[in-house]
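Just so you know, the sequences run in chain order X and U.
Note that our numbering has the first sequence beginning at 1, numbered continuously upward.
Note that our numbering has the second sequence beginning at 115, numbered continuously upward.
Calculated from the structure, these hints are not laboratory results.
Note that the structure is a prediction, hence the values are computed from the model and not measured.
Watch out, some of these pointers could steer you wrong.
[Stated by the list, open to error] Reference listing, derived: stretches of chain X covered by chain U, where coverage requires no fewer than 3 residues with Cβ under 8 Å from a Cβ of chain U: (1) 41 to 53; (2) 102 to 112.
[As the list claims (entries may be wrong)] Covered stretches of chain U (chain X as the covering partner; in silico rule of three or more C-beta atoms under 8 Å from a C-beta of chain X): (3) 147 to 158; (4) 221 to 230.
Just so you know, even glycine gets a beta-carbon here, dropped at the ideal spot from N, CA and C.
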Amino acid sequence: GNSVTQMEGPVTLSEEAFLTINCTYTATGYPSLFWYVQYPGEGLQLLLKATKADDKGSNKGFEATYRKETTSFHLEKGSVQVSDSAVYFCALVPRVGNTGKLIFGQGTTLQVKP
Amino acid sequence: DTEVTQTPKHLVMGMTNKKSLKCEQHMGHRAMYWYKQKAKKPPELMFVYSYEKLSINESVPSRFSPECPNSSLLNLHLHALQPEDSALYLCASSQGRMLRTEGTEAFFGQGTRLTVV
Numbered sequence: 001g002n003s004v005t006q007m008e009g010p011v012t013l014s015e016e017a018f019l020t021i022n023c024t025y026t027a028t029g030y031p032s033l034f035w036y037v038q039y040p041g042e043g044l045q046l047l048l049k050a051t052k053a054d055d056k057g058s059n060k061g062f063e064a065t066y067r068k069e070t071t072s073f074h075l076e077k078g079s080v081q082v083s084d085s086a087v088y089f090c091a092l093v094p095r096v097g098n099t100g101k102l103i104f105g106q107g108t109t110l111q112v113k114p
Numbered sequence: 115d116t117e118v119t120q121t122p123k124h125l126v127m128g129m130t131n132k133k134s135l136k137c138e139q140h141m142g143h144r145a146m147y148w149y150k151q152k153a154k155k156p157p158e159l160m161f162v163y164s165y166e167k168l169s170i171n172e173s174v175p176s177r178f179s180p181e182c183p184n185s186s187l188l189n190l191h192l193h194a195l196q197p198e199d200s201a202l203y204l205c206a207s208s209q210g211r212m213l214r215t216e217g218t219e220a221f222f223g224q225g226t227r228l229t230v231v
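If we strip away everything but chain X, and leave its shape as in the complex, we get (with noise of 0.2 Å):
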């Protein structure tokens, strides 16, 4: 089946620091890719996303490479802010059957402290 799996957190970093998020996930076919993030007391915003093979997503910063190869899409960013602490939810959209469906990770936690 689709499947998608986070690092479990929570990640703390200080202020600054090289953040990586690992996401590896189990699809028939190619996915779409995707990062939401949801910050306390929100709704998810979509990050960034990624639809073939090599597509590198950006926004704010953060970045994530899809890589068929390892079926992964980590997400990184070079220098972590506090305003950055926020739930992070790997997801994707399979390429076959399931249209509709988002299939999202367990979530990430980050907290970055000054």
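Given the structure of chain X, go ahead and fit chain U onto it with the hints provided.
Using the frame of chain X, we list chain U on its own:
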């Protein structure tokens, strides 16, 4: 305007009450969604509407009744809920139901935090 607006933001209801959650978007999107999110968990899909017709019901109990009066509005009618239904209810919309092609990503609202007492 990339906004999905949900009302109310907070709702407390008794187990015998009837209430409704509302969702509105003005992006011209033709697919709209209801998700349920429990604390520290990812969102779970409940319903998908495409062109104002219900296309996916993820085996949701009948005490949750969705309605799509027009292409901009989505309601979720609640009746005889249980305390375990307390959660954040998220509405989302997208250009199309496919979600996997460029420009069809889903946009989420801020959610309605529901407490059933």
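* **Residues of the region 221 to 230 of chain U with Cβ under 8 Å from chain X, three needed, outcome** => Contact hint for the region 221 to 230 of chain U vs chain X: holds, 5 residues under 8 Å.
* Asked: Would you say the region 102 to 112 of chain X counts as covered by chain U, given the rule of at least 3 residues with C-beta under 8 Å?
  -> Three-residue rule met by the region 102 to 112 of chain X, so holds; n is 5.
* Asked: Are there three or more residues in the region 147 to 158 of chain U whose C-beta lies within less than 8 Å of some C-beta in chain X?
  -> Satisfied; 5 residues make the cut.
* Per the coverage rule (Cβ-Cβ under 8 Å, at least three residues), is the region 41 to 53 of chain X covered by chain U? -> n = 7 at 8 Å, threshold three: holds.
No hint from the list above goes unmet by this structure.
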